[in-house]
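Those letters in the sequence shown? Residues 0 to 268, per numbering that gives the first Met the number 0, in order.
FYI, nobody ran anything at the bench for these hints, they're computed from the structure.
We treat Cβ as the ideally placed atom computed from N, Cα and C, and that holds for glycine.
Wrong hints could be hidden among the right ones.
Derived pair list, reagent style PhoX-like, types lysine-lysine, alpha-carbon separation capped at 20 angstroms [said to hold, decoys possible]:
#, residue 1, residue 2
1, LYS221, LYS211
2, LYS39, LYS60
3, LYS267, LYS39
4, LYS19, LYS267
5, LYS222, LYS211
6, LYS19, LYS60
7, LYS267, LYS178
8, LYS115, LYS266
Distance windows between CB atoms, simulated [to be verified]:
#, residue 1, residue 2, range
9, LYS199, THR94, 23 to 29 angstroms
10, HIS41, LEU225, 42 to 48 angstroms
11, SER16, ARG223, 20 to 26 angstroms
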Amino acid sequence: MLKEKNKQQFIINDILSEEKVKKIDLLEKFKRSVIANCSKAHDFLLDVGASSGKFLFNNKKMFHNHAGIEITPECIRFSRDVLRLNIMTDVAAITSPISVATFWHSLEHMPADDIKKILCHVRSLSFDNTRIVISVPNNFSLQYRLFGEGYAFYDLQNHIHQFSADSLNRLMENSGFDKVQIFRSSVYNIFGYLQGFMNKCNSTHNYFYYRKKRMQVFDKSKKRLLFLDIYNYALAVLFLMPAILLSLYDSLFPGNGGVITACYRKKKN
Numbered sequence: 000m001l002k003e004k005n006k007q008q009f010i011i012n013d014i015l016s017e018e019k020v021k022k023i024d025l026l027e028k029f030k031r032s033v034i035a036n037c038s039k040a041h042d043f044l045l046d047v048g049a050s051s052g053k054f055l056f057n058n059k060k061m062f063h064n065h066a067g068i069e070i071t072p073e074c075i076r077f078s079r080d081v082l083r084l085n086i087m088t089d090v091a092a093i094t095s096p097i098s099v100a101t102f103w104h105s106l107e108h109m110p111a112d113d114i115k116k117i118l119c120h121v122r123s124l125s126f127d128n129t130r131i132v133i134s135v136p137n138n139f140s141l142q143y144r145l146f147g148e149g150y151a152f153y154d155l156q157n158h159i160h161q162f163s164a165d166s167l168n169r170l171m172e173n174s175g176f177d178k179v180q181i182f183r184s185s186v187y188n189i190f191g192y193l194q195g196f197m198n199k200c201n202s203t204h205n206y207f208y209y210r211k212k213r214m215q216v217f218d219k220s221k222k223r224l225l226f227l228d229i230y231n232y233a234l235a236v237l238f239l240m241p242a243i244l245l246s247l248y249d250s251l252f253p254g255n256g257g258v259i260t261a262c263y264r265k266k267k268n
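Kindly generate the complete structure, drawing on both the sequences and the hints.
This is the structure in structure tokens:
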């Protein structure tokens, strides 16, 4: 565990733009492939920690109904008003049997009591074909050991917990779920190594990520941003091949990747 908090924090992790939401990048393709691979029923999709609504918006057609859980006001307004998604602020509002529930990098942001409450409610709405997909940073990964606080998925400001494959499995088992499958992601791995190497050469943690995904300006002048952008693109070219090679190495060892993406099902009585 990184730290204790009494409540979840508001986070805007995506640009709230309909154009950006509709753009299907490699990460969205990975998420879609995971859902397509593990889904056994297609009645109701629940996304816990829906953020901008991008995942729900691009995958809701695979299911008859959908809902998202989100607490950040800007994300709720955008998802409801622009994307026309069904967004709730409390999991207790969900009453339909769940076909697939997803936690895309949301579990590490939640206080322990909230995690227990949400997983308990999800289990109460689960049946034999329900699948729970969870994706979290892996603190047992080679990336974490190499980069330490420079690890791309290390977010001291916003992450309450850290997970390994074993600790995630224990949490899910204690919540009444069994592991079905682990998914490897070259997208997460290559990005993680690339950003980790770049963090060694930058004073701002995850500069490249924040500029590309969130368009942050860090209170810097346009000239300074241009210089840093060019510098970081040069670093990306320099470190791309080592990142690819290390990602291939990780693929030989389950549970060694920078991110754990796993599928679970309700335990049979």
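Quiz prompt | Which numbered hints fail | solution = Those not satisfied are hints 4 and 9.
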